[in-house]
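Chains as they are written, first to last, in this note's numbering: chain S, 1 to 326; chain U, 1001 to 1231.
These aren't lab readings, by the way, just hints derived from the structure by calculation.
All residues carry an ideal CB built from backbone N, CA and C; glycine is no exception.
Be careful, since some hints might not be right.
What the hints assert, rightly or not - Covered, in the sense of this in silico footprint (three residues per stretch, anywhere, with C-beta under 8 angstroms from a C-beta of chain S), are these stretches of chain U:
{"id": "1", "region": "1089–1095"}
{"id": "2", "region": "1108–1121"}
{"id": "3", "region": "1182–1193"}
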Amino acid sequence: MIQFQYQRVNLEKAAVSARVKDKNSMFIAGGTNLLDLMKRGIVSPEKLIDISRIPGMAEITAVEGGIRIGALALNTKVAEDKLVLGRQPLLALAINAGASAQIRNMATVGGNMLQRTRCSYFYDKLLPCNKREPGSGCGALDGFNRMHAIFGFSEQCIAVHPSDMSVALTALEATVRVSGPNGSRTIPFGDFHRLPGTKPEVDTNLGNGELITYVELPDSSFNHVHYLKIRDRASYAFALVSVAVALHIENNTIKEARLAMGGVAHKPWRLKEAEASLAGKIASDSSFKQAAKIAMAGAKAFKHNEYKLRMAPNAIVQALKSASGI
Amino acid sequence: MKKKEKKPTEDSREERECRNVYMLPEKSEATYTPNDGRRDFLKQSGFLTAMAFAPAIAVKAAEQQWDEKLASSLEKVPLKLEINGRMKNLKVEPRVTLLDLLREQLDLTGTKKGCDYGQCGACTVHVNGERVLSCLSLAVMQDGKKITTIEGIAEGETLHPMQDAFIKHDGFQCGYCTPGQIMSAIACVREGHAGSRDEIREYMSGNICRCGAYPNIVDAIIEVKNGGGRV
């Protein structure tokens, strides 16, 4: 790891101004992905701004119409929080499907959202990667692309977003509060991450020097939720395909449905058309299969990830069955 | 001697070296253009070797006269930690991980460096009572916290119950992952995640054992959990 300067800040504002002052600085909190990337020389900030001790930024509180989760709340704390378990159990399921107990004890909510892809071309400095080195090409496009995207990719990048937590937050229509040099603003979770397009080096729509301060989850009436994650081993692996399901079912009729997938795109992939197809339907194998079929419209595979074209719809059906209990 | 003609294949050394050039800063004189001759290739690889041996920040500093920045980044930062019950006043460079501090500076080599990238769990220690990966923790960020390592769990000559159980159930073969396994196992019981074999397997999944001692590790954890004593 190269040398860097270290600065600890105790105020949100101080964090933002330190970040704006030093173009080559980065925030650090849990560090579980950043230090990994720094050791490999994939990112090399000249200054780390330690935000982990900013008071009040790790709290989980009930607010009008929902739950507010501070950006510094540790993944373990969120997954075990009574408010979260009581009102938004899907979030706890998704968090617990990711990483290991040790990493969840270190990783923060904000950091989880900002983690980089685990595409092996991004991680191997000897290979081309537009995300790591813009203009060098996408090694995965014609390379080993077993783990890669089937939706929303571009010629420049076919990597997928690795976060499980973010898949649940997408389905639950969370919002992200950020603080920046020009004040604070709120970003709908679905607009937080971006598709690669011609700028795969940019993962999110965060502005210069902006700091995530909290995430808010609106209250909802979902009474059947499930997070299904399919991976190469039973635990502690990134998703090949994952599905977050939230359903409001009354008398076996689906009043409202939310669906999002992980492991299939550069950002958590919301399935709005499939959701709409479920509204008003009886929860049944046939309505679930129909939704899965709709969800897969436009999917395209590469040489080594064709299996995802079957795995993804099957996973959607299975997740809907598990959530609804049919 | 006739030079052997080398047929370029996708994985030939030259190819890989050339790919390396992608990583050079744009303003570097050693940019790679296709169809350069062998002479240019040698020039580039010589530059790369020089780059590889010089600390990256020194190269950058030389380029951009960042002496001031360099100096401040080389400064050691004072750090106060309680390690296995003893207060320590230390000085570390910001880039030193908790793992390297323990092993290199404090001679606490019980905590192991397996992968150094957060994938194996061999470096697991407790910070303020919670299990974390010391390889992905900057020492400087732990200022004021309590660290417990494998060296800090026995009471004098009396082993911790989890250590006893690992011995009894043969919870290891080569032993390299064992300190991390034991620190993680203690936390697993304390957290209340040792309710069944499946739950233990899930909550111990961050600790990889190349010898495959998993069934015996699970046995050891179950025994400690069922023993009901203070863990």
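Under the constraints set out in the numbered hints, which ones does this structure not fulfil? none
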